[in-house]
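Number of protein chains: 2
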Amino acid sequence: MTVNDRKLKILKVIIDDFIDTAQPVGSRTIAKKYPLGISSATIRNEMADLEELGYLIQPHTSAGRVPSDEGYRLYVDELMKQKKMGKNDRQLIRGLLLNKVIEMEDVIHKSAQLLAQMTDLIAFVTLPQFNKSKLTNMKMVKINDSKVMLILVADSGVVKSLQLAFKNATQEALDAITDVMMHSLLDSTIEDITVKKIGMIKNVLPQYANVIDYLVPILRDTLNELDDIDFYVEGLNNAFNFPEFQNVAELKSFIDIVQSKEMMMRIMSDSSDDGIGIRIGKEIGEDALTNCSIVSVCYKVNGKNVGRIGLIGPSRMDYSKVISVVDYIRETLSDIFAGIYL
Amino acid sequence: MTVNDRKLKILKVIIDDFIDTAQPVGSRTIAKKYPLGISSATIRNEMADLEELGYLIQPHTSAGRVPSDEGYRLYVDELMKQKKMGKNDRQLIRGLLLNKVIEMEDVIHKSAQLLAQMTDLIAFVTLPQFNKSKLTNMKMVKINDSKVMLILVADSGVVKSLQLAFKNATQEALDAITDVMMHSLLDSTIEDITVKKIGMIKNVLPQYANVIDYLVPILRDTLNELDDIDFYVEGLNNAFNFPEFQNVAELKSFIDIVQSKEMMMRIMSDSSDDGIGIRIGKEIGEDALTNCSIVSVCYKVNGKNVGRIGLIGPSRMDYSKVISVVDYIRETLSDIFAGIYL
DNA sequence: TGTTAGCACTCATTTTTATCGAGTGCTAAT
DNA sequence: ATTAGCACTCGATAAAAATGAGTGCTAACA
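Protein chains in written order, with the numbering used here: chain A, -7 to 334; chain B, -7 to 334.
The hints are simulated quantities; they were obtained by calculation from the structure and are not laboratory data.
Keep in mind that the hints are not guaranteed to be accurate.
What the hints assert, rightly or not - Here are the simulated SDA-like cross-link-like pairs (lysine to any residue), alpha carbons at most 25 Å apart as the crow flies: (1) A:79 to A:243; (2) B:296 to A:79; (3) A:253 to B:228; (4) B:244 to A:243; (5) B:274 to B:50; (6) B:244 to A:232.
Stated by the list, open to error - Every beta carbon over 10 Å from chain B, so not counted as near; a handful from chain A, in silico: (7) 27; (8) 32; (9) 95; (10) 128; (11) 153; (12) 156; (13) 157; (14) 248; (15) 277; (16) 278; (17) 315; (18) 316.
Stated by the list, open to error - Facing chain A, according to a computed beta carbon distance under 7 Å, are these residues of chain B, among others: (19) 88; (20) 90; (21) 95; (22) 129; (23) 131; (24) 133; (25) 223; (26) 243.
Computed from a predicted structure; not experimentally measured.
C-beta atoms are modelled at their ideal positions from N, C-alpha and C, and glycine is treated no differently.
The whole structure should be built from the sequences, with the hints applied where relevant.
Rendered as structure tokens:
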């Protein structure tokens, strides 16, 4: 059997309708609702074929049809109309993302919020791994008798400020130490800042040996805590409105998974870094998410892929819209992080 | 009719059992499960009386009884056994809260997490309103060509670090400006830092007039953003396990309310500042929360009440445990913020 | 006079049965 | 090849029946 043009037309219409209504689509519905110029009986025959070909599924004998993962895949790859975002929406996004925002984390956070809000799905982001980026600047500022603030600037543009419990420091000592550290650490990645390297400073600044000895373990612990990948989820509340989650238990298990950094990292680990990645149902490779799809994309800072931003929701999502929004966000982030605005 | 001792004993047992099982309690259950030395028939008579007195409610004729808000109130005020926290739990809390944590926000955040985790309820906190506290220190640090980090230290112990988009600044200019600002602003609250006051600095440092002109609007906008009360919710996922939320719609409306800062502020606005505040059902004064209770407490920094931390969940909560945990957290926070550890 | 065994009664919940209707597959006519 | 027509399927909804936990009341008892 062959997938002729008419079959594809029918498949497209079925998926469009199912995305819209969340109800299995029957032959009569199609015949009435869409002017294909063929009768329900003909459509029925074609539908039977489409099912045999694996693109449709019948939940039970007397129900309409529902797209299979393969059906969605064909739809996404070949059938759907590529929407372009409206000018209004584009301006809205740019406006919000460029508005007085100067911290990279904020931009990314806000992007995820926008994604979630515009698609009614759940958005997630990973921030650039601070650890792997190079140190471009560093400051230590005494803020009171017992606290010092450590400021680290990465070449990715991320700035971290951390409080250290550090008594009896003078600003002069901190400045001197920072100065030497910067010289010896510049251009090394943050994870490469070892106790040994910090210890070396003592040779250059013997007069501050005791301060340095005190500082080293504090610094080590603080830097170790940066080890992790930052991962955020936005729009979790949208899950309450998915008709696919009828009862609290299903909802809970979905939300648990989406919130689990480990799980999401594992799922994302084999995503390609280029272009938009779309995973449909089984393709995700996670039993608990067989009815979900993920649309995600890498964003670049200084031309390097450093993080991922995307959406997760029921397989029955408006791919066309979702893809256009995700793509526009990616584009906007690239522009922002290319240094034009930030 | 009078509430004699036996009635109270029975009421206590009923509430204990209901808190435990979440099922209406019948006379036979009590007679079998608790050795009160009276028959189910007698208990039945007493239960009818307790209902007439308003302490119990019968969901329907052929069901057991459930405590009313008044029943819970009596239970909390008079009947329940005041639990003391186990030594293990106490050590766990202290350990976690004192472990290398030096930022006040972190301590409070972690406290809320602990509350949620130990009670399986939902915890909320408000942070000290930064705005209303006095400025004790201030720094501006140039971190690259286009960014300056502003560090503000409040007398509450809270430290805020904010990035400003600020080109062409020299560290010398920043230091000079900060120095003058500190002298003129010290001991005023942060909300009192007006454009006018900052503008005055130009008189003292005419050589930096242009830098100051550039800084003023940026600083104003940044400080305006601090206007809000910080409000956090922890343990939202626990709501999925409350048997009182059978369907997704109920769950959603509860979670929406709990997440709404405005709503929670309104609810908390008339809470007394001293001791543990317990609001049961209708006492909350919010229709959507008639089946919930709130246990909350103010915590002090430097002897002043600056924020609130508490729990919200179904009225059917283990008040004894909840109260002991909340109280111990309050005590621990007081100790920490009294400056002993921080 | 307070307590309790006994029993009829109530009513939410569960189980069973009946009805409905959307949608299908097949056949025969066009 | 297309389509009208029709018997059939089966989930969903509704109605009916069975179940059982729990009550209130009465009468006997200590």
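Outcome of the hint check:
For the suggested pair residue 79 (chain A) and residue 243 (chain A), the alpha carbons sit about 35 Å apart, so the restraint of at most 25 Å is broken. Restraint check for residue 296 (chain B) and residue 79 (chain A): the C-alpha separation of about 52 Å exceeds 25 Å, so the hint is violated. A threshold of 25 Å between alpha carbons decides the hint, and for residue 253 (chain A) with residue 228 (chain B) the separation of about 17 Å falls inside it, so the pair holds. At most 25 Å may separate the alpha-carbon atoms for a hinted pair to count; residue 244 (chain B) and residue 243 (chain A) meet this at roughly 11 Å.
As the CA atoms of residue 274 (chain B) and residue 50 (chain B) are separated by approximately 18 Å, the hinted pair is consistent with the 25 Å bound. Between residue 244 (chain B) and residue 232 (chain A), the direct Cα distance comes to roughly 6 Å. Compliance with the 25 Å bound is thereby established for this hinted pair. Every beta carbon of chain B lies more than 10 Å from that of residue 27 (chain A), the smallest distance being close to 37 Å; the non-interface claim holds. Against chain B, the non-interface label of residue 32 (chain A) holds: every CB pair exceeds 10 Å, the least being about 35 Å.
Under the 10 Å C-beta cut-off, the non-interface status given to residue 95 (chain A) relative to chain B is violated; the minimum distance is some 5 Å. Listed as a non-interface residue, residue 128 (chain A) fails to keep its Cβ farther than 10 Å from every Cβ of chain B; the least gap is roughly 7 Å. Chain B draws residue 153 (chain A) into its interface by the beta-carbon criterion, the shortest separation being 4 Å against a cut-off of 10 Å. Against the 10 Å criterion, residue 156 (chain A) falls within the reach of chain B, whose nearest CB is about 7 Å from its own CB.
Separation of residue 157 (chain A) from chain B is inadequate, the least Cβ-Cβ distance of about 4 Å not exceeding the 10 Å criterion. Chain B draws residue 248 (chain A) into its interface by the beta-carbon criterion, the shortest separation being 7 Å against a cut-off of 10 Å. With a closest Cβ-Cβ approach of about 25 Å to chain B, residue 277 (chain A) is found to remain outside the 10 Å limit, as its non-interface label requires. Annotated as non-interface, residue 278 (chain A) keeps its C-beta farther than 10 Å from every C-beta of chain B; the closest such distance is 19 Å.
Residue-level check passed: residue 315 (chain A) sits 28 Å from the nearest beta carbon of chain B, beyond 10 Å. Residue placement check: residue 316 (chain A) keeps its beta carbon more than 10 Å from all beta carbons of chain B (closest about 28 Å). Interface hint status for residue 88 (chain B): violated, as the beta-carbon distance to the closest one in chain A is roughly 15 Å, over 7 Å. Among the interface hints, the one on residue 90 (chain B) is violated; its C-beta lies about 12 Å from the nearest C-beta in chain A, farther than the 7 Å criterion.
Look at residue 95 (chain B): its Cβ gets to within about 5 Å of chain A, closer than 7 Å, so that hint holds up. The interface hint given for residue 129 (chain B) is met, as the beta carbon of that residue sits about 6 Å from the closest beta carbon of chain A, less than 7 Å. With a least beta-carbon distance of about 5 Å to chain A, the hint placing residue 131 (chain B) at the interface is held under the 7 Å criterion. With 7 Å as the threshold, the beta carbon of residue 133 (chain B) comes within range of chain A, its nearest partner Cβ sitting at about 5 Å, so the hint holds.
For residue 223 (chain B), the interface hint is violated, the least distance from its beta-carbon to any beta-carbon of chain A being 16 Å, above 7 Å. Restraint check, residue 243 (chain B) versus chain A: the minimum CB separation of about 6 Å is within 7 Å; hint holds.
The earlier numbered hints that this structure contradicts are 1, 2, 9, 10, 11, 12, 13, 14, 19, 20 and 25.
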